[in-house]
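Student: Working from the sequences, and respecting the hints, build out all of it.
As they're listed, the protein sequences go chains C and U. Reminder that position 18 of the first sequence reads as 18 in my numbering, one-by-one numbering, no gaps. Reminder that position 217 of the second sequence reads as 217 in my numbering, one-by-one numbering, no gaps.
To be clear, the hints were calculated from the coordinates, so they are not data collected in a lab. Yeah, the Cβ is synthetic: ideal placement off N, Cα and C, and Gly gets one too. You may find that some hints are simply not true.
Quick partial rundown of chain C residues pointing at chain U, CB under 8 Å, derived from the structure [to be verified]:
#, residue
1, Glu13
2, Pro15
3, Ala16
4, Arg19
5, Glu38
6, Asn41
7, Pro64
8, Ala89
9, His90
10, Lys108
11, Pro109
12, Ala112
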Amino acid sequence: MSEPLRVFIADDEAPARERLKALLGDIAAEVPTALAGESANGIETLERLPAAAAHVLLLDIQMPGMSGLEVARHAAGLERPPAVIFVTAHDRHAVEAFELAALDYLLKPVRAQRLAAALKKAAATGPVEPQRLARAAGTAREYFSVTARNRITLVPVREVLYLRAEHKYVTLRTRAGEHLIEESLVHLEREFAGRFVRIHRNCLVARAAIRGFERAAGEADGEPRWEVLLEGVPERLPVSRRQWHAVREAIAEARRG
Amino acid sequence: MASISQNPRADGLPDFRNLGVIARILVAVNMLAFAAALAAYPDLAAAVQAYVRSAALVEPVLIASLAALWLAAPWLAPLPYAAGGVAVLALVALLAAGAHAMLGELAGASLGRTLAFALASAALILAWLRLRERAFSPALAEARLAALQARIRPHFLFNSLNAVLGLMRREPRRAEQVIEDLAELFRALLTDGRSFVRLGDEIALLERYAAIEQLRLGERLRLTWELDAAPVDALLPPLVLQPLLENAVYHGVEPAAGQGEVRVRIERRGERVRAVIENTLAPAPEGAGHPHRHGSGMALENVRERLALFYDAEARLETASADGRYRVEIDIPYRSGAS
Numbered sequence: 001m002s003e004p005l006r007v008f009i010a011d012d013e014a015p016a017r018e019r020l021k022a023l024l025g026d027i028a029a030e031v032p033t034a035l036a037g038e039s040a041n042g043i044e045t046l047e048r049l050p051a052a053a054a055h056v057l058l059l060d061i062q063m064p065g066m067s068g069l070e071v072a073r074h075a076a077g078l079e080r081p082p083a084v085i086f087v088t089a090h091d092r093h094a095v096e097a098f099e100l101a102a103l104d105y106l107l108k109p110v111r112a113q114r115l116a117a118a119l120k121k122a123a124a125t126g127p128v129e130p131q132r133l134a135r136a137a138g139t140a141r142e143y144f145s146v147t148a149r150n151r152i153t154l155v156p157v158r159e160v161l162y163l164r165a166e167h168k169y170v171t172l173r174t175r176a177g178e179h180l181i182e183e184s185l186v187h188l189e190r191e192f193a194g195r196f197v198r199i200h201r202n203c204l205v206a207r208a209a210i211r212g213f214e215r216a217a218g219e220a221d222g223e224p225r226w227e228v229l230l231e232g233v234p235e236r237l238p239v240s241r242r243q244w245h246a247v248r249e250a251i252a253e254a255r256r257g
Numbered sequence: 001m002a003s004i005s006q007n008p009r010a011d012g013l014p015d016f017r018n019l020g021v022i023a024r025i026l027v028a029v030n031m032l033a034f035a036a037a038l039a040a041y042p043d044l045a046a047a048v049q050a051y052v053r054s055a056a057l058v059e060p061v062l063i064a065s066l067a068a069l070w071l072a073a074p075w076l077a078p079l080p081y082a083a084g085g086v087a088v089l090a091l092v093a094l095l096a097a098g099a100h101a102m103l104g105e106l107a108g109a110s111l112g113r114t115l116a117f118a119l120a121s122a123a124l125i126l127a128w129l130r131l132r133e134r135a136f137s138p139a140l141a142e143a144r145l146a147a148l149q150a151r152i153r154p155h156f157l158f159n160s161l162n163a164v165l166g167l168m169r170r171e172p173r174r175a176e177q178v179i180e181d182l183a184e185l186f187r188a189l190l191t192d193g194r195s196f197v198r199l200g201d202e203i204a205l206l207e208r209y210a211a212i213e214q215l216r217l218g219e220r221l222r223l224t225w226e227l228d229a230a231p232v233d234a235l236l237p238p239l240v241l242q243p244l245l246e247n248a249v250y251h252g253v254e255p256a257a258g259q260g261e262v263r264v265r266i267e268r269r270g271e272r273v274r275a276v277i278e279n280t281l282a283p284a285p286e287g288a289g290h291p292h293r294h295g296s297g298m299a300l301e302n303v304r305e306r307l308a309l310f311y312d313a314e315a316r317l318e319t320a321s322a323d324g325r326y327r328v329e330i331d332i333p334y335r336s337g338a339s
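Tutor: This is the structure:
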């Protein structure tokens, strides 16, 4: 017999967690498990998960603070991410998305046999690629996550002033400081199209953070060079010649609307 | 027991004490009087003059008829439709003849013309109200069906069943209680929605529902009841309060990271019953991160529609959102079901 599967349970309703624990007990002969931890909302899940060394995460979708789908996307950044089994009472929207992305999910009330089958499958296939989770989520995240020394730090998207690509990392700039994330600027631009605007080949700026534009000294190829001034931080960001018209139009449109 | 239509029976006279019916009669008679004036005088100015002159006779008869019908409503209601119609026409003719004897000079109309106009208007309006009633009956059935679908929120059902299962081994007695509460709730949800219920029973249902939510959400849900001034004998349509409480929990408490508060206040104010359900608002998510939390308007629209079917213009439903709180207020006429 191999070592027991470490299962982490995330659900905001206490009786629902009780139920899952009872079922894990019932199927122990078929699928031996150990409880790796529990949590009652999305943020708490991400706080406790890194230290729990869980193989499988049983994750409720409708939780206060952060939806289960977003929790799964951040958990995927862990060094050893758990396999995720979503649990939902009734969420047609999510169920359709899971079917499309071929993600495993259980419907409440959960049956022991379905749970055993899902656990076996999860143990065999392991964690899901983040891209598939992103596709199932369909909407933009509310947080960026930085995983360092097996700890997940969450940075609210609305606090980010700009994103700048450097080598294989992207720097997130907030008023308080900087963070490095390992994502592609192209994907970020697509996910957060409404919030950030591209001003340069390597830079996206939050529309709401733009204070104005100023002409920089000198010219490039006989045309004036422009820089973006930001709310709350002193640095200026150069606007590339190619992006200048698009940026100016996007900002004017935002100001009008 | 009163029923959902404006008639006490499916196929009777209109309810002459209903504000909506009274308003429709007022407007219709005046439109008919103006149409008659237009028919008699092709010139618009002359027609307006004739209409104003005729008003001296039309309005007193109209007001007197409405007053008489208001008083006679309890006796008219049990009559079969034909007999009731004849009684209404006789009453109107009598009042018209009386008014003509007193005011006929002023309006310059013959007794024959006066009676003919009064009887024709009364018959036309009766027929119109009956047609209207019939036209709306299938809508009643449909609205009831739509109401039923909106009221059983699958999210609530499956989560409650799951909670019972979670409770069953450790606290079997409490699990039993929850199933009893669920059964009671579903009995109310599945009964014919056409009869009025006593407020006392509706409050008991609210408490059953709240007990289930309390079990699921624990201390995240803080409920305050202010029911000391609630007239438990008052009659109201079934399940107009429960969906509002469910909405408050679903939108105010479930998505909140911390504690959410819901306050229920029901009171009688003179001849009106007022119910207020208030909840703290969960901080709105950035962007469209929670698509499943949309569509809040459905339960509300449903209750609004049913109030209109039961009370026509005599009920109010208002919503307001301020200072981090969302508030729904219902105001309906007080009718006692004590007898």
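Student: Each of the hints needs a verdict: does it hold here or not?
Tutor: Outcome of the hint check:
1. Glu13: At 5 Å from the nearest chain U Cβ, Glu13 (chain C) passes the 8 Å test, so the hint holds.
2. Pro15: OK, holds: Pro15 (chain C) within 8 Å of chain U, min 3 Å.
3. Ala16: holds (5 Å)
4. Arg19: holds (3 Å)
5. Glu38: Constraint on Glu38 (chain C) not satisfied, violated at 13 Å.
6. Asn41: holds (6 Å)
7. Pro64: holds (5 Å)
8. Ala89: holds (4 Å)
9. His90: It holds, given that the least Cβ distance between His90 (chain C) and chain U is near 4 Å, below 8 Å.
10. Lys108: holds (4 Å)
11. Pro109: Check passed: Cβ of Pro109 (chain C) comes within 4 Å of chain U, closer than 8 Å.
12. Ala112: violated (11 Å)
Violated hints, listed in ascending order, are 5, 12; each of the other numbered hints is respected by the structure.
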